[in-house]
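**Student:** Residues 176 to 307, numbered by the working numbering, are exactly what the sequence shown covers, in order.
It is worth saying that the hints were derived from the structure and are not from the lab.
Take these hints with a grain of salt, some might be off.
Lysine to aspartate or glutamate pairs mimicking EDC-like chemistry, simulated, CA-CA at most 20 Å apart [to be verified]: (1) K300 x E254; (2) K282 x E254; (3) K282 x E214.
Predicted model, so just to flag it, every value in this text is computed and none were measured.
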Amino acid sequence: MANSQTGAVRALVLANDVRVRHALAALLSAGGHIQIIDEAEGDLDTTLAAGCPDVVLIDLDGHSETGLTQIAGLRSRCEGTALVALSTAPTLARRAYAAGVDVFVSKLESDRTLCEAVGTAVRRKRNAERRR
């Protein structure tokens with residue numbers, strides 16, 4: 176799951192807006208505990224060719240239907256991957272959870288809250304995997 180050499184959590188950032196992708200990647204990698212393995216707009220086949228990451232962050236703003244479809248696809252393809260959805264629209268939370276996300280975070284929350292949510296989602300997935 177985590178990078179065996181560094182212990183870092185391997186993360187994939189999915190967002191349609193390149194600025195959002197870069198900002199999320201910079202924020203998450205700043206602490207040194209999260210390694211961004213890829214930033215993508217939506218081609219999951221190419222992105223996941225090397226395997227599933229520990230966590231995927233999915234920005235639902237702008238293209239929520241596409242993002243919700245990606246969540247369902249990721250959930251079936253990468254069962255052990257933690258899925259974190261982000262949006263400025265809290266009304267999307269229920270639909271995101273129904274699609275299979277582990278954690279929903281409002282983009283109006285602090286950077287710290289987002290980073291903590293990623294850590295929580297990964298810990299929950301790892302604990303669930305150990306129980307199997």
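**Student:** Which hint numbers doesn't this structure obey?
**Tutor:** Failing hint: just 2.
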